[in-house]
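J.: Sequence:
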Amino acid sequence: MQLRWAVPLLTLLIPPLASAQTFLNVFPKPTAEVARGQRGDTTITSKFTPSESLWDERLDERPVFLAEMVHSQDEDNSFKLRLGQGGQIYSLRGPFGESVPPSWRAAGGKVSPWNDEVWQFVAVCTKYNGIDGRTARGVPSETLERIQQSSYATSFFIHNSGAYIPGNSAVKSLYCPLLASEMDAQNRTIQMLNWGLVPQIKTVHRSPLLYYTQVRDVGDGVIELTWVVHNFSTRDDIVFDHLNAPWGGTRISSLPLRYVSSPEGELLQREGFLSEHGTVDVRDTGGWNISCASDDDDSPSLALVYGRDKHLEAELQRKAAGQPYCQFKHSLYRDWRASEPLYKNVWKDWATRPANSFRNYDVCEIIPKIQIVPGSTIWFRSYLVVGQRSKVIQQATGLVDDVDYGLLTFDPAHSPMTNVENVQVKNAFQVFTQPVRGTMPLMRIRNTKTNQEIITTDPYYFVDKEKLDFTLPTDHPHYNYYRDTTGYSMDKNNSEWLSLVGYAYVDKPTTGNWQKLSTLLDASEFPQPDSHHLDLWVKMSNRKSVGAALPD
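Residue numbers for the sequence shown follow my numbering, so the first one is 92 and each next one is one higher.
Be careful, since some hints might not be right.
What the hints assert, rightly or not - Here are the computed lysine to aspartate or glutamate pairs in the EDC-like style, where the Cα-Cα straight-line distance is at most 20 Å:
#1 K482 <-> E166
#2 K482 <-> E236
#3 K540 <-> E587
#4 K460 <-> D332
#5 K482 <-> D492
#6 K263 <-> E587
#7 K218 <-> D328
#8 K558 <-> D575
#9 K293 <-> D626
#10 K583 <-> D566
#11 K460 <-> E404
#12 K482 <-> D582
#13 K120 <-> D502
#14 K482 <-> D147
#15 K293 <-> D582
#16 K420 <-> D495
#17 K263 <-> D555
#18 K556 <-> D582
#19 K293 <-> D560
#20 K401 <-> D492
#21 K482 <-> D386
#22 K218 <-> E143
#23 K583 <-> D626
#24 K138 <-> D165
#25 K607 <-> D626
#26 K263 <-> E404
#27 K401 <-> D332
#28 K558 <-> E236
#29 K558 <-> E233
#30 K540 <-> D566
#31 K401 <-> D389
#32 K482 <-> E355
#33 K263 <-> D147
#34 K482 <-> D613
#35 K558 <-> D582
I should point out that these hints are in silico values taken from the structure, not numbers from a laboratory.
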């Protein structure tokens with residue numbers, strides 16, 4: 092029997108909002124504001140029309156497109172911003188033309204359909220990010236060879252966009268599954284919820300990250316970016332401790348000049364200022380960079396405002412006191428030109444070449460030294476500013492203190508719950524709409540081959556899997572992680588990730604009427620539990636289930 096969920100009916104804990112809005116009610120309130128008369132106008136549309144920008148000729152823009160936000164004001168600060176299905180900003184057109192790189196890749200290799208050269212959040216689990224260097228010590232050569240020859244990647248980072256696509260792949264694109272979205276023209280915002288993906292299409296790792304993304308048109312050329320990231324790993328050692336918030340950059344042919352501000356506001360070039368790794372402590376900067384078409388005051392420009400670690404001391408004090416914390420060290424700003432050596436010979440005519448015929452990418456990434464431990468939720472907010480160079484500098488300087496971040500906790504006593512109804516269940520049951528501590532997310536997934544729909548904590552439930560034998564020595568520090576290695580083939584995912592159902596408890600609460608999902612649903616809707624597909628506790632509702640079905 093196919094699973095048919097009723098349209099969620101909200102409890103009295105929150106106003107009767109649409110389900111997508113309910114699940115996206117996680118973002119801290121905005122702080123940056125512009126006077127009403129200086130905001131300009133904002134329109135948001137989900138109707139696709141091809142952009143005017145040049146991209147890698149092998150890419151098709153239609154599958155990536157989710158929404159476009161258009162800011163109309165003065166000629167120098169109006170823009171068109173496009174959000175992709177995976178949560179990424181894949182296009183930002185302003186007075187400078189297209190600012191996002193063309194996602195160019197050399198012929199014959201992997202293509203990168205708006206999954207790398209975009210504005211996005213990226214999280215790395217450094218402990219299990221590949222088996223090389225330090226982690227390869229003590230590993231027999233035959234084991235290393237077996238791992239290196241495997242078709243499954245061991246790098247472990249999670250994109251907020253999508254996957255790299257091998258040239259021989261049957262799929263043309265794979266974006267982070269969209270579980271909820273909301274376009275609010277009145278509040279000038281677009282919100283999204285995505286399950287983040289390991290960008291290698293064949294991998295030995297499982298992604299346990301949910302990315303909530305909010306883009307807000309503040310007005311006067313200012314764009315507010317807010318990310319909320321939740322780690323739902325079932326393992327205690329899957330900690331993401333190297334973040335990019337954001338990873339992004341600019342198209343060199345549109346914005347050839349890049350500067351980073353000193354603490355005093357002086358514009359500095361990266362050469363001679365950054366370390367040999369291309370990084371610098373954010374407090375050794377002014378908290379923003381700027382990319383310009385020229386050095387003229389009225390030059391079309393784009394700034395990224397990333398802040399100066401406003402909570403560093405307080406976070407370190409919490410850590411020392413044994414209190415909940417997320418930041419463990421000073422954050423870094425990193426800046427470089429991708430494939431820079433090629434500009435000296437192969438691409439020395441870059442200024443006159445077609446914009447989509449070379450890498451065309453000045454990278455910048457903010458590396459907040461924040462950790463996302465299992466069961467925790469963090470947030471980070473930064474800004475982009477579109478306008479004339481002299482004004483953008485002033486605006487960026489004024490926005491530094493509005494950059495913010497930290498841990499988020501959701502009190503179960505106040506977190507909204509929503510009713511879930513099904514024809515099999517006499518009474519509706521309730522789940523949280525926010526990631527309350529001690530809960531796991533339930534997703535609604537459809538098998539594209541059999542049309543079976545289930546709810547599960549395992550987004551890989553229908554993905555093709557292969558048992559691998561890496562045979563690490565039993566005394567290797569990563570033996571426990573790799574002893575039951577599984578390879579996941581995301582090009583054979585057989586899945587349509589339909590929506591987030593909500594969050595439910597792993598352990599039974601001490602008070603209230605709670606039942607396990609396995610006692611409420613049959614096996615076709617809720618299969619036999621295992622180590623990833625967990626049998627969670629849901630709260631029984633007093634509402635009778637009407638058994639209404641969602642339309643096909």
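J.: Against this structure, judge whether each hint is valid.
T.: How the hints compare with the structure:
no., hint, result
1, K482 <-> E166, "14 Å, holds"
2, K482 <-> E236, "56 Å, violated"
3, K540 <-> E587, "10 Å, holds"
4, K460 <-> D332, "7 Å, holds"
5, K482 <-> D492, "18 Å, holds"
6, K263 <-> E587, "16 Å, holds"
7, K218 <-> D328, "8 Å, holds"
8, K558 <-> D575, "7 Å, holds"
9, K293 <-> D626, "28 Å, violated"
10, K583 <-> D566, "34 Å, violated"
11, K460 <-> E404, "13 Å, holds"
12, K482 <-> D582, "46 Å, violated"
13, K120 <-> D502, "17 Å, holds"
14, K482 <-> D147, "33 Å, violated"
15, K293 <-> D582, "8 Å, holds"
16, K420 <-> D495, "16 Å, holds"
17, K263 <-> D555, "18 Å, holds"
18, K556 <-> D582, "11 Å, holds"
19, K293 <-> D560, "16 Å, holds"
20, K401 <-> D492, "8 Å, holds"
21, K482 <-> D386, "13 Å, holds"
22, K218 <-> E143, "42 Å, violated"
23, K583 <-> D626, "26 Å, violated"
24, K138 <-> D165, "24 Å, violated"
25, K607 <-> D626, "6 Å, holds"
26, K263 <-> E404, "46 Å, violated"
27, K401 <-> D332, "19 Å, holds"
28, K558 <-> E236, "17 Å, holds"
29, K558 <-> E233, "18 Å, holds"
30, K540 <-> D566, "42 Å, violated"
31, K401 <-> D389, "31 Å, violated"
32, K482 <-> E355, "17 Å, holds"
33, K263 <-> D147, "13 Å, holds"
34, K482 <-> D613, "62 Å, violated"
35, K558 <-> D582, "17 Å, holds"
Violation of the numbered hints given earlier is confined to hints 2, 9, 10, 12, 14, 22, 23, 24, 26, 30, 31 and 34; the remaining hints are satisfied by the structure.
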